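Chains as they are written, first to last, in numbering that gives the first Met the number 0: chain A, 0 to 404; chain B, 0 to 586; chain C, 0 to 376.
Note that these hints are calculated values from the structure, not bench results.
In this text, all values refer to a predicted model and were calculated from it rather than measured experimentally.
A hint or two may mislead.
For lysine-lysine, the following BS3-like pairs were computed, each having C-alpha atoms within a straight-line distance of at most 27 Å [to be verified]:
#  : chain 1 : residue 1 : chain 2 : residue 2
1  : C       : K294      : C       : K129
2  : C       : K294      : B       : K443
3  : C       : K366      : C       : K193
4  : B       : K395      : B       : K443
5  : B       : K395      : B       : K492
6  : C       : K268      : B       : K348
7  : C       : K129      : C       : K102
8  : B       : K390      : B       : K303
9  : A       : K169      : A       : K211
10 : C       : K182      : C       : K268
11 : A       : K105      : A       : K60
12 : B       : K492      : A       : K169
13 : A       : K147      : B       : K492
14 : B       : K443      : C       : K102
15 : A       : K60       : A       : K249
16 : B       : K395      : A       : K249
17 : C       : K102      : C       : K294
18 : B       : K216      : B       : K303
19 : C       : K328      : C       : K317
20 : C       : K175      : C       : K193
21 : B       : K348      : B       : K205
22 : A       : K169      : B       : K473
23 : A       : K169      : A       : K147
24 : B       : K443      : C       : K129
25 : B       : K348      : C       : K317
26 : C       : K129      : C       : K303
27 : C       : K303      : C       : K317
28 : B       : K205      : B       : K112
29 : B       : K395      : A       : K60
30 : C       : K366      : C       : K129
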Amino acid sequence: MTFSEPSAVPKLGETAPLVPPIAPAREVVEGDGPSDHHTLTEPYLRIENVHKTFGSFVALKDIYLNVYPGEFVCLLGPSGCGKTTLLRIISGLEQQTQGRVIQGGKDVSHLPPSMRDFGIVFQSYALFPNLTAIQNVAYGLENQQVPKAQIDQRVAELLDMVGLGGMGHKYPSQLSGGQQQRVALARALALSPGLLLLDEPLSALDAQVRVKLRTEIAELQRRLGITTVMVTHDQAEALAMADRIVVMDKGYIAQVGTPNSIYQSPSSPFVANFIGVMNFLDGVVEAADTVRCGNILLHAPNNEVPVGQLVSIAIRPEDMRVVDGTASVPNQAEADVISREFLGSGYRLDLTLSGNARQPITLEISANRARAMGVEALESLAIQLPPEMIRVFPKESTALSPLPL
Amino acid sequence: MTPTTPTAPRPLRVDRTKAIDTEAWIMRVLLTLGAIWLLVGVVLPLIPMIGRSFRDNNGEWVGLGNYLRYLTTPSLVQSFTNSLAVALTTTLLACGLGFVYAYALTRTAMPGKQIFRTLGLLSLYIPPLAVAIGLIFLFGNQGLVTTGLFGSLPELNINLYGFNGIVLGEFLYCFPQAVIILMTALNLTDARLYEAAEVLGASPIKTFFTVTLPSVKYGLISAIFVCFILAFTDFGVPKVVGGNFNVLATDIYKQVIGQQNFAMGATISVFLLVPSVLAFVIDRIVQRRQTALVSAKSVPLQPKPNPTLDRIMFAFCTLVVGFAIAVFATIILASLVRVWPYDLSLSLKNYDFGSVGGGGYRAYWNSIRMSLYTAIFGTIIVFTGAYLVEKGRGLKWLRSAKYFLSTIPLALPGLVLGLSYVFFFNNPIWRIPFTGMAIYNPFKGLYGTMALLVIVNIIHFYTVCFLTATTALKQIDPEFEAVSASMAVPFYKTFWRVTVPLSLPAILEIGIYFFVNAMVTISAIIFLYPANLPLAAVAIVNMDDAGDISAAAAMSTLIVATSLGVRLLYSWLTRGMRARSEAWLSR
Amino acid sequence: MVNDLVRIVTQAFSARRRQRFLSMAAASFAVVLFVAACAVSQEDLQQADSGAAGSTSSNDSSITVYTALEDDQISGYLESFQTQNPDITVNIVRDSTGIITAKLLAEANNPQADVVWGTAASSLLVAEEKGLLEPYAPAGVEAVNPRFRDDANPPTWVGIDVWMSAFCVNTVESEKLGLPIPKGWADLVNPVYKGHIVMSNPASSGTGFLSVSSILQNSPTEAEGWAYLDQLHANIAQYMHSGSRPCKAAGAGEFPIGISFDYRAVSQKNEGEPIQPVFPVEGSGWDVEANALIKKAEIKDAAKTFLDWAISPDVMAKYAESFSITSVKTDVPLPEGFIADPEAQLAENDLRWAAANRDRILEEWTKRYDAKSEPKT
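Turn these sequences into a full structure, and let the hints guide you.
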């Protein structure tokens with residue numbers, strides 16, 4: 000039932016494919032802007048200065064984005080951040096108020112969806128309930144005056160590809176959610192579109208199915224080398240699937256980058272908080288590399304904020320270390336345990352730092368370590384906030400200006 | 000799980016340049032045509048009618064003269080208050096009893112709910128005219144009740160002709176409408192609210208006032224306005240049992256048909272129109288404030304048995320249904336009696352319409368033809384119209400305008416609509432107001448044709464059908480159109496292959512609604528039907544006018560039987576259809 | 000040069016703007032064309048204003064006939080026309096006299112009817128006055144009693160029969176209620192009849208009008224006539240739409256006494272209903288049922304054929320089976336149930352006076368009696 004890694008790259012037919020197969024971009028792309036690799040390639044999709052307003056509500060502003068051939072880009076953000084609007088503008092289902100969309104070197108800004116080149120999968124599957132899986136997948140093909148035999152063959156191949164061979168005669172209501180979404184995927188790919196758009200494709204599925212299907216979709220995408228833009232509000236999904244993530248907030252792009260770079264180097268507290276879990280402590284910059292949080296002085300070599308400014312320092316729960324309290328390591332602090340939560344694979348502890356009781360922080364430790372420490376009875380412990388893991392954000396500036404690509 | 004190694008299908012070259020914007024143009028053209036249709040069908044005809052109310056019968060401008068004359072003619076003013084009194088009383092009765100009835104059907108464990116549901120709506124299929132004729136044979140001076148079954152029981156004279164008769168008839172007419180609306184509202188409540196109330200220890204009465212009533216508030220308001228408009232504007236019942244109790248609707252008829260005083264007819268029409276439009280507007284405003292009480296997670300209420308309440312409700316429903324059935328049965332009986340009340344032997348003599356006016360079987364077949372056309376064309380127009388409004392792309396202002404125009408007909412009394420059509424379509428030359436210009440009427444050829452009768456019927460019953468279609472379309476995934484567009488499939492193909500099949504139950508429902516209403520309607524067509532196209536419902540009026548009440552009962556029976564027959568045919572057909580589409584309807 | 004200008008202008012638009020501009024231009028052009036094509040010439044407009052614009056229906060062989068004859072009479076009469084003229088389709092519009100009259104007046108600008116058949120002469124006189132009728136002397140008009148036709152030559156209207164008011168008294172119900180059988184108008188104001196009498200509304204019914212008109216003409220003064228009607232009004236249960244309905248209501252026992260007309264009363268009695276026709280001792284109001292040709296742009300030959308037939312001996316004999324007085328003498332014996340000397344029963348009646356005062360009488364009547372808000376009990 001899985002569409003596992005094929006033994007061979009997709010057979011490319013006699014006809015020239017619309018999408019030239021390229022090497023998977025994942026390893027190559029690093030950083031926010033165009034990488035070395037991309038400077039050599041023209042972007043397949045360019046979003047230039049797109050704005051969208053609904054009445055007086057600004058849904059999107061100053062959107063610039065390049066998507067390179069074969070790339071898997073995730074638009075990630077909380078609901079209402081404009082990610083779906085952006086996807087709909089890319090597809091032509093929505094008209095931008097201003098700006099251009101260039102796909103495959105052609106300005107498609109004002110083309111209706113039917114004249115653009117994309118396949119789309121929706122959260123609701125949007126399968127035609129009165130048509131079987133086969134009829135659904137064949138729907139677009141039948142309109143293209145493709146011979147019947149060819150349609151049948153292609154539909155069978157597509158259904159095989161998504162692991163639904165033999166189930167083609169079922170109606171959507173007879174299929175599970177995951178199966179329906181596979182049919183929707185096969186349908187979206189039926190016309191070999193240059194661009195695959197996925198609008199929260201996994202959100203309606205059960206947790207287990209979701210995890211499984213997301214792996215499969217990512218694999219399929221890489222195998223086909225199809226340029227893909229996916230909208231999601233689930234950061235785990237984005238981190239697992241995307242070559243690059245576009246984090247959006249309130250209609251602007253907060254940060255663009257590989258999953259790794261976004262997780263490691265969030266450019267703002269918003270991004271930091273949205274991707275993964277982040278502890279924040281209020282503080283003030285005392286010296287170029289020192290921040291004071293309450294009574295604690297922290298060494299922060301990454302700091303770029305001028306002296307005297309109010310800041311938030313941020314550190315991930317898994318980046319903090321439990322120390323024995325005797326060795327002299329920088330940024331060491333005593334902490335009281337407020338509550339502990341068993342996660343299965345480890346423990347999450349809510350702590351207050353002595354000298355800064357106002358702001359609790361969260362610490363994650365492995366189950367091994369926790370047992371060794373006797374965590375159930377633990378009332379206080381010493382922790383270290385490793386200096387290189389501390390990020391410093393100026394206060395009152397959760398909104399950073401969009402980064403150049 | 001065996002790892003398979005499927006080969007990815009080879010890419011396909013798709014030519015999307017062919018999809019030049021014809022699709023968008025088709026949509027624009029259709030939307031424009033739809034807007035023109037509504038403009039010509041709904042708005043423009045009202046202009047000459049209202050204009051006519053400022054002119055005398057010879058076409059001379061008299062300003063507010065007609066209104067002054069109206070307001071200073073005591074008999075006409077009396078009609079206005081009479082209409083109000085009838086409408087208010089009927090509304091109170093129909094909504095009050097309708098609420099109890101709907102409550103019994105949805106919130107009690109009373110036995111026989113399915114049967115009551117069907118029979119409670121019986122009078123939907125009996126035109127008000129026929130109801131009134133049934134009332135004559137029940138409560139008239141020689142009626143079954145008045146004479147106590149011709150002397151075998153105590154006599155009971157309710158003084159049918161006048162206020163009492165009209166209210167009784169309008170009640171039967173409005174009751175099923177109120178029940179439908181209230182049943183929908185009562186069905187929509189979330190059972191969890193009741194469980195919460197019960198857990199909190201609220202008494203049944205408190206629960207009724209704090210949970211039940213607020214939850215059906217909007218339904219109740221809608222029912223009140225619908226009943227008010229229906230009773231205020233109905234023509235059939237007061238025509239037959241009104242006696243000398245004049246109401247606005249019969250006044251218009253008398254002015255227009257009796258005296259051919261179109262100016263005064265137009266003036267009274269305005270008086271009929273204004274309260275209806277007001278009621279409509281208020282209802283719209285109130286409904287706009289309605290928020291969805293029912294989320295997708297709502298739990299349907301399973302009423303618990305309550306022997307006392309259930310028994311009382313059963314008795315009540317039996318009584319109400321019994322009354323409707325009695326009226327219906329009396330119509331049939333009266334149509335079969337040779338000479339009521341002197342020769343009670345049964346015969347089919349009254350079904351030989353040869354010696355009475357109205358056109359007899361020709362009228363009956365014409366009505367069937369008209370209803371069929373109305374059902375077919377009306378359904379096509381309404382459904383595509385609703386589709387374009389609901390699912391169309393672009394021209395947003397036009398779509399909003401179309402939505403608004405589509406809801407207006409609900410506020411237009413049939414008599415007003417019919418009279419407007421006379422002024423609009425029978426005028427060889429249109430003057431464009433305030434410009435001094437005039438153009439030939441391009442629709443003149445429609446006047447006096449079957450086509451115009453079909454058009455007026457479609458418009459008259461447009462709103463309910465439109466809202467039915469809209470509701471059905473809203474339930475269809477809005478992304479279907481997006482998916483089709485992504486596959487370069489034009490919207491009309493998806494409309495035909497997906498939207499129509501998915502909406503088939505609603506489409507058929509609309510067709511039936513059109514058919515039944517076209518079959519029984521009288522108000523909109525009474526001014527419009529040409530001499531060579533007699534119609535069954537009009538024939539009832541003519542027979543009643545001429546005093547041939549038994550023949551009128553016979554024609555009523557034919558109409559009701561036809562409507563019911565079509566309804567039954569529909570349920571039978573849809574049962575077959577449901578079985579066929581079970582594969583994809585089952586969830 | 001112009002081309003350059005056009006190029007510059009069009010280039011100024013983006014592709015999208017241009018599309019929008021073009022579609023708007025096309026739409027406005029279409030509207031202009033439409034208005035231009037439909038614009039009304041001055042002559043037509045004036046003609047429309049003067050009310051003389053005629054319809055130009057095709058020269059087919061179907062005619063529309065307006066008639067106030069009774070439904071149960073019409074099909075019998077028409078048989079001979081249809082055998083004689085199988086090609087002519089006759090669309091009958093049957094309604095009460097008042098309504099036929101009102102329709103004729105209302106359709107003055109756009110006449111729908113070709114012929115009026117069997118409709119009150121007093122009403123046709125109103126139409127004649129408005130110039131809606133075309134004088135025509137049908138074949139055989141010489142035989143028509145001059146008293147029952149227009150004296151002009153060619154005549155505007157030609158009568159076919161006379162009908163007169165009569166009471167339909169339901170003997171069964173009267174006995175039940177202990178009501179005496181009324182002998183004439185004077186008896187009807189007796190309070191015992193309160194709520195037991197129905198009559199037709201003169202505004203819609205010719206029968207109602209001739210009763211009212213005759214009462215007014217035969218009272219010493221018109222005011223006394225109205226005084227009598229006031230008294231009568233106190234006894235009336237309902238004013239009904241048509242002339243026949245009061246009699247049918249009486250026949251069905253719905254109300255014991257209906258003020259109706261002779262044919263109705265007699266035929267219902269003959270059909271076995273418990274009706275006793277009463278011809279009022281004071282004399283009956285009467286009117287002539289007459290035919291006329293409608294003035295319109297295109298007068299069909301079929302219409303004249305119809306008018307010729309409508310006074311032919313064949314159909315006249317048929318009329319005579321239901322009416323005691325026909326405009327052409329026939330040898331058909333007086334139908335059963337009629338009064339022996341019908342002409343003597345006719346009260347004083349000046350049709351021209353009735354026509355001239357019709358509007359005034361109806362207005363006064365409506366003002367006095369149509370305001371009833373409560374049904375009589």
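Given pair status - A/K147, A/K169, alpha carbons within 27 Å
holds (20 Å)
Is the straight-line distance between the alpha-carbon of B/K395 and that of A/K60 27 Å or less?
Distance of about 23 Å is within 27 Å: holds.
Does B/K473 sit within 27 Å of A/K169, going by the straight-line distance between their CA atoms?
Distance ~25 Å between A/K169 and B/K473 Cα, so the pair holds.
Would the hint linking A/K105 and A/K60 be met if the CA-CA limit is 27 Å?
This hinted pair holds, its Cα atoms lying about 22 Å apart.
Quickly compare the C-alpha distance for C/K102 and C/K294 to 27 Å and report which way the hint goes.
OK: C/K102 and C/K294 at ~14 Å, within 27 Å.
Hint consistency between C/K303 and C/K317 [alpha-carbon to alpha-carbon, up to 27 Å]
holds (20 Å)
When you check the alpha-carbon spacing of C/K129 and C/K102, does it fall within 27 Å?
holds (13 Å)
Starting from B/K395, check that the Cα of B/K492 is at most 27 Å away, please.
holds (22 Å)
Satisfaction of hint between B/K492 and A/K147, Cα-Cα up to 27 Å:
Holds, at roughly 18 Å.
Taking 27 Å as the top limit, are the C-alpha atoms of B/K443 and C/K129 close enough?
OK: B/K443 and C/K129 at ~25 Å, within 27 Å.
Proposed proximity, B/K443 with B/K395 (alpha carbon, max 27 Å):
This hinted pair is violated, its Cα atoms lying about 32 Å apart.
Holds or violated: A/K169 and A/K211, Cα atoms, limit 27 Å.
With a Cα-Cα distance of about 22 Å, the restraint between A/K169 and A/K211 holds, given a limit of 27 Å.
Hint check: violations occur at hints 4, 8, 21; the rest are consistent with the structure.
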